[in-house]
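Q: Start from the sequences and build out the full structure, keeping to the hints where you can.
Number of protein chains: 2
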Amino acid sequence: MTEPPRPPESVPATPAPAVPAVLVQTAQQLRDAALAGTGAFDLVRSLTTEVGPRLAGSPGDAAAVRWGAETMRALGFANVRAEPVKVPHWKRGAETGEILTPYPQAVVLSALGGSPATPVAGLEGAVLEVESLAAMEALAKEAVAGKIVFYSPKMQRANDGSGYGAVVRIRGEGVIKAAEKGAIAVLIRSVSTANNRLPHTGSARTLAGLPPIPCAALSVPDADLLQRQIASGQPLRFRLRLDTQLLPDGDSANVIGEVPGREKPDEVVLLGCHLDSWELGAGAEDDAAGCAVVLETGRRLLALKERPRRTVRVVLFANEEFGLSGARAYAEAHGAEIAKHSLAAESDLGSGRILRFSSRVRAEALPWIEGLSGLLQPLGVERRGNDARGGADLMPLAAAGVPLADLDPDATKYFDVHHSANDTLDKVDAKGLDQAVAAHLVLALLAAEAPMAFGPVDPPERSRR
Amino acid sequence: MTEPPRPPESVPATPAPAVPAVLVQTAQQLRDAALAGTGAFDLVRSLTTEVGPRLAGSPGDAAAVRWGAETMRALGFANVRAEPVKVPHWKRGAETGEILTPYPQAVVLSALGGSPATPVAGLEGAVLEVESLAAMEALAKEAVAGKIVFYSPKMQRANDGSGYGAVVRIRGEGVIKAAEKGAIAVLIRSVSTANNRLPHTGSARTLAGLPPIPCAALSVPDADLLQRQIASGQPLRFRLRLDTQLLPDGDSANVIGEVPGREKPDEVVLLGCHLDSWELGAGAEDDAAGCAVVLETGRRLLALKERPRRTVRVVLFANEEFGLSGARAYAEAHGAEIAKHSLAAESDLGSGRILRFSSRVRAEALPWIEGLSGLLQPLGVERRGNDARGGADLMPLAAAGVPLADLDPDATKYFDVHHSANDTLDKVDAKGLDQAVAAHLVLALLAAEAPMAFGPVDPPERSRR
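Quick mapping for you: the protein sequence lines, in order, are chains V and U. Just so you know, my numbering puts the end of the first sequence at 1457, numbered straight through with nothing missing. Just so you know, my numbering puts the end of the second sequence at 1457, numbered straight through with nothing missing.
Be aware that a few hints might be false.
No copy labels: a pair is met if it fits in one copy or bridges any two.
Stated by the list, open to error - Quick list of in silico lysine-lysine cross-link-like pairs, DSSO-like style, CA-CA up to 30 Å:
{"#": "1", "residue 1": "1405", "residue 2": "1146"}
{"#": "2", "residue 1": "1146", "residue 2": "1332"}
{"#": "3", "residue 1": "1146", "residue 2": "1133"}
{"#": "4", "residue 1": "1405", "residue 2": "1423"}
{"#": "5", "residue 1": "1256", "residue 2": "1332"}
To be clear, the hints were calculated from the coordinates, so they are not data collected in a lab. Just so we're clear, the structure is a prediction, and the values are computed from it rather than from any experiment.
A: Listed below in structure tokens is the structure:
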């Protein structure tokens, strides 16, 4: 949407002024008060209790939009509005799976988002276990045609959630590749670090469109069961029934509220999260937690005697989960002011304590960012590089050269519950949220007060979670 | 079935002979070899992979009986037979629950075993939260009549599983008491120490018969959700749909195999477990684990050069979960030889390491029991009192004065998965099983070799898990 900017390295390194003492003091006060306890957990409690599941286009989604706008008004945000977003509306119905041979057993599974339905009587076939995308590529078409492909790789636990990227491509590309070779359906091991008997869904929607064949995630213990039965050396036959529906596009909204800037109200520091959720759970960690962090951060900035120089805009994005409609709609609606986005950050990795801080700013701004980072240090936040990638909803902004910040939480337990029925309030870390609010206050305040521009910057590579 | 025996205290205390050195050596060898690794986990793997869920009367139950007899034969047991047991056959169908007001949300629940169905359109009513059985007793009939009662108390975690007894009575008595005051249905918080989005079922069948009104367990996070919505002060209305069926009684069996005694083959040391399971999970911890322990113990005794003096009989009881039909059938079929049961023990609390050993023997036998206990000490097994209660399937034997031993495993995690879909192979502690086999070998060998009778004894009080 704008010209790709020059890479940061090529910008002459003129030192930015040090962070003024009075600003340091304000930041410290905000930070330490948040650490002592915030209302973030209560916001997650409110959204999960009063709304719960909120898949794009569903009644819960509409209730969430109302909740978002009402909550922002109650918290004192200015310019609160729900900016319309058209969203795809996919719906899950009954879903069953059963091993027919060698040892009949019912299994627990859930359709991946966007999966077509099977015939009403179900779809039956021999199961072919495939251990990776590379293994699928190496298979001959004849080996795959007519089969139900079962992708079995396991996700590894890590505090940066890096195990997710290693296997999640199977959800999109894996289904396409199997269909290209004539598979009749795809089963995947749930992309999860837990071993609960709950499937973890997720979008199988790809850039090329909806998945062409029925696809579902098995709970981890059920994936284990399939592997054990297959290991017996006997052919495994399976019956899958998915009753899904793709309904006409629905209406949702990006819910937006602001802390208007005192000097440069047209320049925007964007703090984002997404309001929608998969419908199996209550979307507590994904992403009520992120919404609570940015809402509570805004509330505390609004309570300052002197508001920050630039506007801090909190955006609760619509439909992150099933195609990033909200992100696209925001970029379209705000195309004219994208260059006015000073910095953007998204909170969408659960309620853990913030462990790491990355930036993506031009070189002139790095000394200021180091000052910011110094204020994060007492929170135990490690300074990483100038290679932030931004959250999924920031992709269009990032592609347009908007500077980015990543405050990465401890994601050790996040993928235990992510996209599953287990994503409920009881999994949320209230203390982690408080620390994350503290970190976001430092980020937002210093970004909004910075005496220089952070960008434009070179966009990150496309690949992301 | 026999006269109640005198209490142990009244028996003159003539010291029993010390355990002979050669027997000590055999016990140590058996114990230490088991600690180094057994086939117990593989037995759990086999039952959960090849059979899986096996509720009394279901096709899985019949498959389990075949599995039990085949496995016993393959392991070299003598006198393998399936002794017929008539079992009730209750079946779960579709089940849904939804909060209608104040904040509509679907919840996750499962019918309690024996629950009648609701009308097809569901059953709707106002929800009354009740915190305990005592609180229900204190309520006036008018406060309960026409309501859906929701029992909300939480189970506490403990390594002896003692939190279970504190709340599980609600499953039986709580339903009856609510029905007596005119409640139209009962919801309970799942009796569980975990916070997974999985209901934990269990029998609501009582001595008085089947529960008179529909009853279901909410997953723990859903029980929390109801409590939060109720805490808002607004009336909570709920719709429950349970499609259950009580079918004609089915055919099952106690599966029995023996290590025939070399000198006193008619005297029996009974090692029990139960073969049936709730059908939501694979019955891995409850009670494939216990079956694996007693089967593996038998296999290792069969491999001894010289078999023990008395017969060691392994009994895989039918239908422990839904009315103890197997226990009753065993006591009836073996009524004539009950006095020949030297000692009985049941393994039915999961795959954890054995932590504690209790006996119930006459006083003359206590020195021998102390010798036995000394051999358990290197396994980290603490000696408890002479007040063993036996497992649920041993109740009729215990009531008839059969001596008992309890080898109590570490149950810290057992109630995380018990009676839920999460009871799958991946939850099983292979090393715990090996240690439990080691302890059962010591128990079985020393009981089968004892030079004196252990009983008869005074039966334990009726109350038990």
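Q: Hint by hint, work out which the structure violates, then give me just those numbers in ascending order.
A: As far as the earlier hints go, only 2 is violated by this structure.
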